[in-house]
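J.: Those sequence lines, one after another, are chains A and B. Going by the working numbering, the residue at position 52 of the first sequence is 52; the numbering climbs one at a time, nothing skipped. Add 1000 to a position in the second sequence, counting from 1, and you land on the number used in the working numbering.
A hint or two may mislead.
[Unchecked claim] Below 25 Å or equal to it, Euclidean Cα-Cα: the simulated DSS-like pairs (lysine-lysine) are: (1) A:Lys258 - A:Lys269; (2) B:Lys1042 - A:Lys90; (3) B:Lys1359 - A:Lys201; (4) A:Lys90 - B:Lys1425.
Derived from the structure by calculation, the hints contain no laboratory data. All of these numbers come straight from a predicted model, not from anything done at the bench.
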Amino acid sequence: MKTLYIFSLVLLFSLILISCDEITSDYKQSVNKNIDTSQNARKILIEDYTGFRCGNCPAAAEVARDITALYPGRVILMTVHSGFFAIPTKSHPYDFRTPEATEWDGFFGISDAGNPNGMVNRINYDGSRIITPSKWSAAVNSLLTSEPEMKIELNVFYSINRKEITVDADVTYMKEGNSNHRIVVAILEDSIVQYQTDYRKTPPDIEDYVHNHVFRTTMNSTWGEQLYSGDIKAGDVIKKSYTYKIPEGKDWRIEKLKIVAFVHDNNTKEILQAEETDKFILIL
Amino acid sequence: MKKIFLIILFFIISDYTLSSQDLFEKGNLSGNFQLDAQYYQKDSIIGAQEVKEKILSNGFLYLNYTAGNFSMGMRYETYLNPILGIDPRYKGSGIAYRFAEFKSDMINVTAGNFYEQFGSGLIFRAYEERLLGYDNAVDGVRMKFRPSDGIELTGLIGSQRSFWSNGVGIVRGGNSRFELNTIFPDLLPLQTTVEGSLISKYQADQESFYNLPANVLAWSGKLSVNASDFMLEGEYAYKYNDPSASNNFSFNPGKALMFTASYYPSGFGATVNFHTIDNMDFRSDRDARGNNLNLNFIPPLTKQHIYRLATLYPFATQLNGEIGLQAELTYTFPKNTFFGGDYGTTLSLNYSQINSMDKTPLNVDTSNGHVNTYKSSMFKFGDRLFFRDINLELTKKWAKEFKSIFTFINLVYNKDVMENESAGKYGKVNATIAIAEITYLISKSNSIKGEFQHIWAKQDSVIKVPDNTNGNWLMFLLEYTIAPSWYFTVFDEYNYGNDDSSRQLHYLNGSFAFIHEATRVQFGYGRQRGGLLCVGGVCRPVPASKGFFLSVSSTF
Chain A
1 MKTLYIFSLV LLFSLILISC DEITSDYKQS VNKNIDTSQN ARKILIEDYT GFRCGNCPAA
61 AEVARDITAL YPGRVILMTV HSGFFAIPTK SHPYDFRTPE ATEWDGFFGI SDAGNPNGMV
121 NRINYDGSRI ITPSKWSAAV NSLLTSEPEM KIELNVFYSI NRKEITVDAD VTYMKEGNSN
181 HRIVVAILED SIVQYQTDYR KTPPDIEDYV HNHVFRTTMN STWGEQLYSG DIKAGDVIKK
241 SYTYKIPEGK DWRIEKLKIV AFVHDNNTKE ILQAEETDKF ILIL
Chain B
1001 MKKIFLIILF FIISDYTLSS QDLFEKGNLS GNFQLDAQYY QKDSIIGAQE VKEKILSNGF
1061 LYLNYTAGNF SMGMRYETYL NPILGIDPRY KGSGIAYRFA EFKSDMINVT AGNFYEQFGS
1121 GLIFRAYEER LLGYDNAVDG VRMKFRPSDG IELTGLIGSQ RSFWSNGVGI VRGGNSRFEL
1181 NTIFPDLLPL QTTVEGSLIS KYQADQESFY NLPANVLAWS GKLSVNASDF MLEGEYAYKY
1241 NDPSASNNFS FNPGKALMFT ASYYPSGFGA TVNFHTIDNM DFRSDRDARG NNLNLNFIPP
1301 LTKQHIYRLA TLYPFATQLN GEIGLQAELT YTFPKNTFFG GDYGTTLSLN YSQINSMDKT
1361 PLNVDTSNGH VNTYKSSMFK FGDRLFFRDI NLELTKKWAK EFKSIFTFIN LVYNKDVMEN
1421 ESAGKYGKVN ATIAIAEITY LISKSNSIKG EFQHIWAKQD SVIKVPDNTN GNWLMFLLEY
1481 TIAPSWYFTV FDEYNYGNDD SSRQLHYLNG SFAFIHEATR VQFGYGRQRG GLLCVGGVCR
1541 PVPASKGFFL SVSSTF
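Hey, can you work out the whole structure from these sequences and the hints?
T.: Below you can see the structure in the form of structure tokens.
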């Protein structure tokens, strides 16, 4: 008995001793591999939950940017301002918050867990839907080879006279679908110059920080609209159209707006497919 | 691996022929219960937010069943919803901890959850701290083996708790402890203990930017020498490359050295501590942040003050790099001398200073400026002062029924390091604190305690955004005790020196506690200021709140 114990413990000790990987050069991973960048691939949405007072958030935004650069055409970013760090202050009264973002944030509990944090296609990764920035690329990796269930095509029109955005979304199913599938169409804005705290800078106050991929609103409610009330067969094409009039008093610049649409399963909340476009066809 | 251990466990149990009947006849059930509940009221002046649920509570029930060499236990936890300041990811209820254990003179085998510490904790400590909402218990198997007196070998494998699930990393560890005097009784004149530890963690590299090590090893060695009036202790730890979110994906190894010397002949005590820490934030998940999935614990080098105003500016070990020194002298003036009086007087002086560690980049990625490796000066105090504290405590018993403690503290607190991730915003806070505590025994069972505290505090920078924690404070506390059952406490903290005159607020708080045998019930009402709550040098921010609070604890 005694020998058996000593033997097993000595074995464990020696196994632990050799359980170490040392990396002495080539810190950087060589660029990947066989990633499908065709139009029909599954696109992955990273939702970066942030706030202009969050000093660690600019670094997270850079992580997200680097991931999109790594997998061209496969990753879509949406920056969601919400929670404590997004509350305006006397000196910086600009309010990035939106009711939809507040609802998502409350539902998924993201800023409660701290910022920066985010979601990747709203999947559970390593046991949590809330994913820390350093894990975003791993979560994206886990989805890159999965087959898309559908394809989304977007056509966007902007009426100059009516200040109205119209989005035509065609969803073509490659696999079978069901009545839980919903589509959310969101309006985002790029390059908004506003204040941001950045702990990497001294002083950490950046008055002219460029905020990109800022979520502004959805065109069809927080959780979107059901695509079809029955079962959906492979090959079916479902056409949806949404119109949104930009409210008076909004400082949105039409040339910086873009549309992000995604289809999610309302039971699991997982995002099945996403698409984005900044091509707006101007009409009168 | 788990299976093999379970089979071993089975054999051990059958070896000792402990039948199920014995289990229940000779068994003994023990445990404890704790409930903390708060009813919250909105108070926008102190910044207490509205709590939608009105009532938040944390509850715990621990049961332990022991029968002969065998024991098993579990802990039920419920957070509906977690009280403010506890991580909201604890929301929910369930059995968070359960284990079965076999224990004999020679071996322990544990399957399920367990807590453990190797050495001083430089590379491994699994523990629970409810006040912080911190629990990094290991879920797996552990064996302890004592082949002869004075030798203990420990081996373990498992994953760590992260809220309601386990972290992704796999932890493997081994520890060996030798009490040399027990093994070789005549060899050494001093009590000498040698301890060697290993921890290795595994986590797959699934991210896209770096070639990360999936297996990370850390080892440590500890030597302690004890005699009747002195003690020497030294420990060194080394961690191989462990790029993580908390060290900004640095490929540098981690190193830590700590040293303690104490000398305590009668009536006098002197202790010196030194430690130097470089890149020792060690977690079983490289992406974890905050108080989550830590593998190690490095004891703080500063005195942990308990008086309320002295906890305004606490310090926590900076695992990514710090060098610190602490010295403490205690002297008891003998009875019937000028300073000693009739009952003796104790004076203790404590000094601590923690500085940054200088680091020079070595290997830098030219494309994005990322520092892959750096060179550190382990034995040179860096330019930045993190914390300095000089304090004096005088304990004096004047008469049989009259005792007093006077405390004087002067500290420098680097608010940027502690509250702003080192980014320059607040600068440092200079604070001087004076405290008088007086206890008067009215009768055998009735006593009254009074505390008067004052803090003079100044911040380096101009206060741009008004807050509720700057400037001078005054506090009084009155506690009336009817032994052994009743405690009545009332205290007020008054921030009369706040930079913003509309924030010169009172935090009045009253409570009573009732103790009967092993059950304690406390109920109170009042305002609680926001700030950092620290236990053993680990801190969490707690928001200000107002309302009723109830706390029940019981052991059985």
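J.: Hint by hint, say whether it matches the structure.
T.: Evaluated hints:
no.	hint	in the structure
1	A:Lys258 - A:Lys269	holds (23 Å)
2	B:Lys1042 - A:Lys90	holds (21 Å)
3	B:Lys1359 - A:Lys201	holds (18 Å)
4	A:Lys90 - B:Lys1425	holds (17 Å)
Checked against the numbered hints listed earlier, the structure breaks none of them; every hint is satisfied.
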